[in-house]
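Chains as they are written, first to last, in the numbering used here: chain E, 1 to 362; chain V, 1 to 200; chain A, 1 to 283.
Hint data in this document are derived by calculation from the structure and do not stem from the laboratory. Keep in mind that this is a model prediction, so the values were computed, not measured. Only true hints are included.
Covered by chain A, according to a simulated footprint, are these stretches of chain E (three or more residues, beta-carbon under 8 Å): (1) 312–324; (2) 334–340.
Distance windows between CB atoms, simulated: (3) T84/E with A44/V: 35 to 45 Å; (4) L342/E with S158/V: 45 to 55 Å; (5) R180/E with A132/V: 37 to 47 Å; (6) P110/V with D58/E: 40 to 50 Å; (7) F241/E with T62/A: 50 to 60 Å; (8) E13/E with P228/A: 41 to 51 Å; (9) R160/A with E167/E: 52 to 62 Å; (10) S194/A with R10/E: 32 to 42 Å.
Think of the CB as a built atom: it goes at the ideal place given N, C-alpha and C, for glycine as much as any other residue.
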Amino acid sequence: MYVAVKGGERAIESAHAWLAEERRGDTDVAELNIPQIREQLKLAVDRVMAEGSLYDPDLAALAIKQSRGDLIEAIFLIRAYRTTLPRFGASDPVDTGAMACDRRISATFKDLPGGQVLGPTFDYTHRLLDFKLAADGEVPAAPTRESVPRDVPHVTEFLNQEGLIEEAPLDDTPPPDLTREPLEMPADRALRLQALTRADEGFTLGLAYSTQRGYARNHAFVGELRIGAVAVEMDIPELGFAIEIGEVTLTECETVNQFTGSKTEPPQFTRGYGLVFGQSERKAISMALVDRALRWEELGEDNVGAPAQDTEFVLYHADNIQATGFLEHIKLPHYVDFQSELELVRKLRREAGADQVQEAAE
Amino acid sequence: MQARKLSGGFDTPPVNSAHAFRAVMEAMARPGQIQDISGAQPPAPLSNAAGSVLLTLCDTDTPIYLAGDADTDDVRAWLAFHTGAPLTGPSHSMFAVGSWDALMPLSGYPIGTPEYPDRSTTLIVECAELEATGATLRGPGIKSEATLSLPETRAFQSNRALFPLGLDFIFACGDRLAALPRSTEVSRSSREAVAHEGAF
Amino acid sequence: MTDYNFAYLDEQTKRMIRRAILKGLAIPGYQVPFASREMPMPYGWGTGGVQVSAAVLTPDDTFKVIDQGADDTTNAVSIRSFFERTAGVETTTATTEASVIQTRHRIPEEPLTEDQILVYQVPIPEPLRFLEPRESETRKMHSLEEYGLMHVKLYEDISRHGHIATSYAYPVKVEGRYVMDPSPIPKFDNPKLSDMAAIQLFGAGREQRIYALPPYTQVVSLDFEDHPFEASKADHLCGLCDATDSYLDEVIMDDQGGRMFVCSDTDYCEARRAAGHKGKDAA
Numbered sequence: 001m002y003v004a005v006k007g008g009e010r011a012i013e014s015a016h017a018w019l020a021e022e023r024r025g026d027t028d029v030a031e032l033n034i035p036q037i038r039e040q041l042k043l044a045v046d047r048v049m050a051e052g053s054l055y056d057p058d059l060a061a062l063a064i065k066q067s068r069g070d071l072i073e074a075i076f077l078i079r080a081y082r083t084t085l086p087r088f089g090a091s092d093p094v095d096t097g098a099m100a101c102d103r104r105i106s107a108t109f110k111d112l113p114g115g116q117v118l119g120p121t122f123d124y125t126h127r128l129l130d131f132k133l134a135a136d137g138e139v140p141a142a143p144t145r146e147s148v149p150r151d152v153p154h155v156t157e158f159l160n161q162e163g164l165i166e167e168a169p170l171d172d173t174p175p176p177d178l179t180r181e182p183l184e185m186p187a188d189r190a191l192r193l194q195a196l197t198r199a200d201e202g203f204t205l206g207l208a209y210s211t212q213r214g215y216a217r218n219h220a221f222v223g224e225l226r227i228g229a230v231a232v233e234m235d236i237p238e239l240g241f242a243i244e245i246g247e248v249t250l251t252e253c254e255t256v257n258q259f260t261g262s263k264t265e266p267p268q269f270t271r272g273y274g275l276v277f278g279q280s281e282r283k284a285i286s287m288a289l290v291d292r293a294l295r296w297e298e299l300g301e302d303n304v305g306a307p308a309q310d311t312e313f314v315l316y317h318a319d320n321i322q323a324t325g326f327l328e329h330i331k332l333p334h335y336v337d338f339q340s341e342l343e344l345v346r347k348l349r350r351e352a353g354a355d356q357v358q359e360a361a362e
Numbered sequence: 001m002q003a004r005k006l007s008g009g010f011d012t013p014p015v016n017s018a019h020a021f022r023a024v025m026e027a028m029a030r031p032g033q034i035q036d037i038s039g040a041q042p043p044a045p046l047s048n049a050a051g052s053v054l055l056t057l058c059d060t061d062t063p064i065y066l067a068g069d070a071d072t073d074d075v076r077a078w079l080a081f082h083t084g085a086p087l088t089g090p091s092h093s094m095f096a097v098g099s100w101d102a103l104m105p106l107s108g109y110p111i112g113t114p115e116y117p118d119r120s121t122t123l124i125v126e127c128a129e130l131e132a133t134g135a136t137l138r139g140p141g142i143k144s145e146a147t148l149s150l151p152e153t154r155a156f157q158s159n160r161a162l163f164p165l166g167l168d169f170i171f172a173c174g175d176r177l178a179a180l181p182r183s184t185e186v187s188r189s190s191r192e193a194v195a196h197e198g199a200f
Numbered sequence: 001m002t003d004y005n006f007a008y009l010d011e012q013t014k015r016m017i018r019r020a021i022l023k024g025l026a027i028p029g030y031q032v033p034f035a036s037r038e039m040p041m042p043y044g045w046g047t048g049g050v051q052v053s054a055a056v057l058t059p060d061d062t063f064k065v066i067d068q069g070a071d072d073t074t075n076a077v078s079i080r081s082f083f084e085r086t087a088g089v090e091t092t093t094a095t096t097e098a099s100v101i102q103t104r105h106r107i108p109e110e111p112l113t114e115d116q117i118l119v120y121q122v123p124i125p126e127p128l129r130f131l132e133p134r135e136s137e138t139r140k141m142h143s144l145e146e147y148g149l150m151h152v153k154l155y156e157d158i159s160r161h162g163h164i165a166t167s168y169a170y171p172v173k174v175e176g177r178y179v180m181d182p183s184p185i186p187k188f189d190n191p192k193l194s195d196m197a198a199i200q201l202f203g204a205g206r207e208q209r210i211y212a213l214p215p216y217t218q219v220v221s222l223d224f225e226d227h228p229f230e231a232s233k234a235d236h237l238c239g240l241c242d243a244t245d246s247y248l249d250e251v252i253m254d255d256q257g258g259r260m261f262v263c264s265d266t267d268y269c270e271a272r273r274a275a276g277h278k279g280k281d282a283a
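So here's chain E without its partners, still in its complex pose (with noise of 0.2 Å):
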């Protein structure tokens, strides 16, 4: 006797309750609570606020602790809420010329104006596992120094004061929106840098990976990377200036990138540019480096086939959050297309014989 399956709904609830109970986890410790993964896991919650494309520290951090630490699960909560936002406008560009920098560094010139400056980065520490922290996570406050406010110019203005690498004129033309129109191709290099700015890290620091490897090399030097505050500012028609509204902390790269000339340019250094919000050097050093890489066709180079330079092959699987949906739905029934393709397989076996052969083994 067969019962058809029922019962979906309960299951549903039933799983649901069960994922609470185990994201709360074991009740004797205590509960993580916003402000202690907003400050404690900040890179996490960087990551989320930059793939999600919405800049709130304590909306990420929630969804961290809603997702049990999945990030890209997080990343997708910060999605699918930012698009039941209203849209009141577009703020001005930044300008990360004036940016206040805790973190400054230039790989192409020993000093510079502005200086070097280390800033929190894990680079010179000695990857060995911290037993302390296990038991004890304070720490003594860190030097200080009077700050100077002085220019913090980008770097590569020095190299086109003597015209040594491509211009990049100021262009006002509005960007399109990749949140509000479909993707299209051909693809800007506006369209292509939001793309990449809320792209999926690991799949940038693959795609960027495999440039430094030889697929479609781009030579790349970092010229610059900078982390810190900017204003934001948006133009109020009512008031007929713009205002200061907030400020959020941005990781800027820019790549110098030897270029020896191609049909179209001459030789010059040429640039890949990534920005990304919170502190997330890997992601814009990534971004950078495939910037430069999808940039072949304006600067007249070979399309050599690398994975890199296919601009349709980087933005359509960019995303994490489309890829983990498709990838995921597999694990949905399929047991129609499934049925479909049993009575194919059963029916072109029958014609071949293949059935007699099985026989005739056993």
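For chain E, the structure is supplied; the task is to place chains V and A on it using the hints.
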């Protein structure tokens, strides 16, 4: 004055627009079939049907062309308040509204591109009458054939010849509308055909 | 109801989707790009269908959701409860009572009427995608009506296997113009696409495409004169309701490989059993 300009919108936009859209969708899916539509009371000379279509489909992303008599200060103010849609000429319009004569010539509107045939204007034609008699319609959405009072036939035949490019039409009359997408084949009613032959 | 707007989506998003639906109806079978939104369910789990349903539903509608033909599969349950919560619409499992039906992978067995709308969830809307991965290329092929590659692929199947080796998501041609992916329905369902009284809308969220079939649109499954299209299903009766004409799921009964066949359309099967039909495996 201000109040009149701004009144006549949807009372409860999510619900009014859902019902209005169903009427428009049914009309576009079943060419020639006349649908009731309500919700908006726009300033004259716009019909309630045309006003409801505009409030349902238009916003800051959709340039509108107001043709002829439809281009009044009141209509402009009403659309600006309720939709925020930018006004434009025919060649950049996603929607155009006006009487048949005022909307001419049809060659002035975008008909889409071979790769993106959807990027074409939808014309909302204000009609003095709208009846299920007249020209014969055949094509997708129509079981065997339908009839509709059209302002003419040749223009729609030329439009059909452009398929999959072309314009799409919504005919508005009071609280009713019907539609004629580019996919519909239009022929003269037998009565018209006889009259036409008689002229030779 | 919740703090979210009626049917979840904001009005501006609905307008954008509604405009795409109208253009889709005007150009049957053509894939209209639309700025699909992130939904509170994963891409690939019906976000396209959900957005189309949200743009189409009115508070007066009665909504039915099926996945693999069944109302009780978990994802169908999840989508149905989403609209109960956000749109407050009536829901049903009875095909005949529904005014809007959202489906994944099946067309109901009961013929649909002029008062109904069928919304398909579509994973890959581009029928040429498996032959040509580039969107820029496939768009060109559609514009030039260049479908030779598809015929070549189908014919290669025939020369290798003696049959077209596509059993679901079987490509169709709409009104003699666009080649269209009917979503991963089994080819058994393909004939129902043509000349249907209901409006058929297709939503692909991740791929950002909407397309449509107006009622009574001519839809032809691609085939060859010497190898005509054949709508096939398992050659059995439904073990529960004895139906001969419905698409069947195969259910494994024991670890000896014992199996039975039952209607994939659960409402159809229940209605038949309620009317007194009884299959050999029914209690």
